[in-house]
Each structure stands twice: as structure tokens, then as C-alpha cells.
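Listed below, chain by chain, are the residues.
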Amino acid sequence: MKDLLKALPWIGPAVALIATVVLFPVGLMFWNSTRDISQSGVDKGGVGLDNFAAVVGFDAFWPILGRTVVWVVVVVACTLVISLALAALLNKAFPGRRLVRMAVIVPWASSVVMTTLVVHYGLEPYFGIINSFLVDVGLIDTPEGYGWTRHAGTAFAWAMVVAVFVSLPFTTYTILAGLQTVPGETVEAARLDGANGVRTYLSVVLPQLRGAVSVAVLINIINVFNSLPILRVMTGSIPGYDADTVMTMIFKYMQNQRQIDLASALSVIAFLVVVAIVAVYVRFVRPLEEV
Amino acid sequence: MAVLTQEQTTTGTAGSPPPGGVRRPRRYTTDQVPLGSLLLRLLGGLVVLVVFLLPYLIMFFGSVKTKAEIRSVDPTYFPREWHWDNYLTMWSTPETPLLQNLVSTLVISLCATLLVLAVALPAAYYTARFRFRGRLVFLFLVIVTQMVQPAVLTSGLFREFIAVGILDTWLAMILVNAAFNLSFAVWIMHSFFAGIPKEVDEAAQLDGAGTFAVLTRINLPLVWPGIVTAVVFTFVASWNEFAASLVLLTTAGNQPLSVALTKFVGQYETSWHYVFGVSIVAIVPVVLLFMAIEKRLVGGLVAGSVK
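These protein sequences, in sequence, are chains W and S. Residue numbers 56 to 346, in my numbering, belong to the letters of the first sequence in order. Residue numbers 68 to 374, in my numbering, belong to the letters of the second sequence in order.
Just to be clear, a hint being listed does not mean it is correct.
Claimed, not checked - Listed next, the in silico PhoX-like pairs over lysine-lysine satisfying Cα-Cα at most 20 Å (straight line): (1) S:K134 x S:K330; (2) W:K307 x S:K134; (3) W:K147 x S:K362.
To be verified - Label-pair distances were calculated between CB atoms; the ranges are: (4) W:P150 x S:P288: 31 to 41 Å; (5) W:Q310 x S:V231: 15 to 25 Å; (6) S:Q334 x W:R313: 41 to 51 Å; (7) S:F145 x W:G193: 20 to 30 Å; (8) W:N311 x S:Q334: 11 to 21 Å; (9) S:Y335 x W:R313: 47 to 57 Å; (10) S:V204 x W:F339: 20 to 30 Å.
Derived from the structure by calculation, the hints contain no laboratory data. Since this is a predicted model, take the numbers as computed values, not measurements. Cβ coordinates follow ideal geometry from the N, Cα and C atoms, glycine included.
Start from the sequences and build out the full structure, keeping to the hints where you can.
Dropping the structure here:
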């Protein structure tokens, strides 16, 4: 006990910060999810699990949940496949490689809101530059173009494209770091045995990337599940709930409807989903014991 | 468990390069690469370069167009005239007080970074250097915060900050940004501290230096790269934070640029050239900062779990 007291001045501030800004709000969120809170914020007493019943009973709940799964699975899978290819390229020697690596960092450092805004603008009918490009190359017939950002389905699809784009840098860099731990001898041995490039990659390099890949996937799942800005910008102005995920729905409860009790209930569900994903992933994929 | 593996590797490899930092890539040469595959790599590199820079080039070219040009039915890829004056006029638009938003973004990011440094540095040092009961619990707690994100906690934070009376203040977002970037900072600095051989400390202590003096005079110069990485990462992450700011800051002037710019979407006539001008101003400095710590970016993010 005495050594803990001695450590307190060093770790105390960090513990206090985590306790007040992470742990306490989690507790408060669970508590609020069982309360009836008025739009002006007055707590009118406990209602048991009624808020959860209301959230799950909402017509769009199951479609939203299904869409969230699609959102996470598609974005993370595409990100992983593209990042593996990108990392393989960036691990090879060629003139200008450093410049290309720096370019890959740009979406990582940039505000996701701003990256999404430029895509949103590009897809606008008539004056959007992506839309206009598609007209110029003959993929679209009229300059009005397809109302990409006006329809829930297409806006959601483009949001996924943006989500993959902004997830690539972190994933690519993590895999690159993994590639640098692959001993050159193992690759050369495979070459001497007559394996070609693809075969060497699949049977020698890829298995050694398991640690880097599983960590990158775990962090991506958490980030993509919790992602708000992309959908907020791309689909936020579309009426209805046809492009919502759990995360955007929480913010609709909180901001549009000012129902903090329902928002808390859905947040609790989202929080438990994240905890469950991490737990299952850590249990079966064991990313934390690799490397 | 994660914490245990971290333990074994960091203490076991004292003296080797800090595990938080990605090892320098081996020197690659292009000497023995056949010309064909070299050209293929060059081509691939060029495609990657263009694709990753394209959105930001569109932004840049758009930022110097006139409103009429950026909203013209047959849009131009490159600006017909370069209106650099947009970068002066854009700050006074009716949608949002952009100058105040810039100040808010700066103040919140700077203060959050300082707070993270003040809180994480001692914790990283002490946990890397000393064994004590509750140490593993503490490190586990730090990992857990990396798994949670502010977006999922906003409803709780909202109610908490109302109760405390700091809703819609810079302080609220300083605390949130600091708390959620703490784990990166602790892990990256922890791994640097752990990379310094203990004998260095012991030698200093024999010469009569106290714990604090050992930290400031002996260790700090050696962990400097870790500190820079933590500082840059926290600053950039706070700079771009969106979800919590959206809910916790309600007055337009208090909001950061990330939130302010979303107000242009869905306007009857969005001033896209201004949106892009502000975006360029907001993006260029943080991209340069990130490039400076490029080699160590991965370390802090995955150090907690991988190493």
C-alpha cells in the first residue's frame, strides 16, 4: 500500500482525468438510460427499461442496426484489402517512395469533416466536380447528374468510400510497420525454393503480418463503428432514417429530438456492442499477444 | 494479457531501440530490380500519390475560385482566375464566426495538449521505472480509454458538464480531448522511458540526484522524440475532433472549425470556395506536423496492444 501512495503523485492526475471524463460519464449514461428526462433536462424519475423498449421498438431500429453492421464490415474489409496492397507497394524500393508515403499520411492528419465536405461538394448536381468528371468521361448522361447526395442509398455508399479512404493511412502504416519486422531471410529462402512473388507473399509474408493486421482491424472496427462526421456530412440533410447508423441515430435523439434519455439508452447499447466486439476479438483473434 | 506482454518486452529489451518507435527501414536499393518491375512500382506510386492528394487538390483549386465559378453548371477543373483574396474575405461569412472558430480550435488544442503532457509524462515515467501495487490496473485502465471514444459517451458527458456548469465552455472540450488522447501519450512515452537502461538512472542516483532530477535532467533529453510524438498527435487529434464538440459546445463562437464548417452544408447557396479556403488553412499545418512524426505514428497507437 505504501508504494501505491508513493506512486499517487505521479499517476494520480491521470487517474483523476480518466475517472471524471471517461468512467463517470459511462456510469451517468447507464443511469440516465433508466430515467425519464424531459426535453429541458429535468429528471422526472426512474422508468426501468422503458427507454430501451422505446429505442428497440422504434420502426427504424433493426434496419439501422443492420446498416451499422454493413457499414462496419464493408468499410473495414475494403480498408484491409487495399491497405495490404498499398503497404506491399510502399515497402518496395522505387524513386519517390518517400513522397508517396507522405501523401498517404495526408488524409490521416486532415479533418475527416473537411475531407468529407470536398467529396460532398464534388457530388452535387450540376456543379459538383466528381459528378462533372463522370459526365465528361461519359458515365453519366446529363449534367444534372445522379443526385448522389440526395438519395439515402447512394449517399450512404459514397460515405463508405470516404470512410475507407480516411481509414487507409493508419491501416497501411500499421501493416508497413509489420512488414519491417518480417526477416528478409525468410523471404529469400522462399525465393530460393522457387516460389514466385505472389506465392512468397501469401505463404511467407502474410502469416507473419498476423499481429499487425489483427490490431489494425480491431482499431478500425472501433473507429468505424464510432464514426460520426462522414455520415453526418454526407447523409445528415436527408430526411428520414434510411441512411442512419447507431451512431448517427444517437445524435439525432440528442440534438434533433432532445431526448437525452433515449440517446443514453442507445449509447448504452452501442457501448455494450463495442465492449462485446473487443472482448470477442481479443478472446479469439488474440491480437494483444502477437509480435 | 496485453499489459503483461507489454511488460515483458519493454523491460526485457532495455538498451535496444525504443519499442514505441518503428525501426528505421533497411536501406533499400533499386540496383537489382528489373527495369520492368521498377516502372510498375513507379506507376503504382504515381497512382497512389494522385489518389491520396486529389481531394485536397480539389479543395485548393476550389479555394481560389469565385463563387460564380465554383457554382457554375459546367464546372472548371482549374481556376480561371486565381482569387487569393478569398483567403482574406472568407473570415466574414454569415454562416458562422470563422475567426472565433479558429481561435477556439487553437485554444482547445493547445490547452488539451499541455494538459495531456502534464498528466501523461509523470505517469509514463513512473510506470516505466517503478513497480508498485495497482500498476497493472492503471495501465489496463489506460488501454481501456483507447477502446472507448467520446462519440459514444456524449450523452453522459453532456449531462455531467451541465451539472458541473461547464457545458459550452472551452474547458469542457479541453478535458475531453485530453482524456481521450491520454492513452496514446502514456504508451508512446512509456515505451521510450522503458528503453532507457536502468543503469543510467542508478548512476545518476549514486551521484546524489533525486527522482525528480533523474527525470528532468537525465531522462527527458533521451525521451524527447516520444514527447514530440505525443504532443503532435494530441494536438492534431484535438484539432480535428468533431463528435463531442458538436454536442458539448452550443454557442457558435465556441465551436471549433470542424463543427463550424458543417453549417455550410444544405445552405441555399453554399459558399464552397470559403469552405475550402478555411479547410486548407486548417489542414496544411497539421499535415506538416504529422509528417514530422511520420516514423513514430504507429508506435503509440498500437504499442499498448502489440508490443
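The hints, checked one at a time:
With a CA separation close to 17 Å, the supplied pair K134 of chain S and K330 of chain S stays within the 20 Å bound. Restraint check for K307 of chain W and K134 of chain S: the C-alpha separation of about 32 Å exceeds 20 Å, so the hint is violated. A C-alpha spacing of about 17 Å is found between K147 of chain W and K362 of chain S, which places the hinted pair at or below 20 Å, so the restraint holds. The hint said 31 to 41 Å for the Cβ distance between P150 of chain W and P288 of chain S, and at roughly 36 Å that hint holds.
Taking the beta carbon of each, Q310 of chain W and V231 of chain S are about 21 Å apart, inside 15 to 25 Å as hinted. For Q334 of chain S and R313 of chain W, the hinted distance range of 41 to 51 Å is not satisfied, since their beta carbons lie about 23 Å from each other. Distance hint check: the CB atoms of F145 of chain S and G193 of chain W are about 21 Å apart, consistent with the given range 20 to 30 Å. Checked against the hint of 11 to 21 Å, the C-beta distance between N311 of chain W and Q334 of chain S comes to roughly 18 Å, which is consistent with it.
Take Y335 of chain S and R313 of chain W: their Cβ atoms lie about 26 Å apart, and the range 47 to 57 Å is violated. Taking the beta carbon of each, V204 of chain S and F339 of chain W are about 25 Å apart, inside 20 to 30 Å as hinted.
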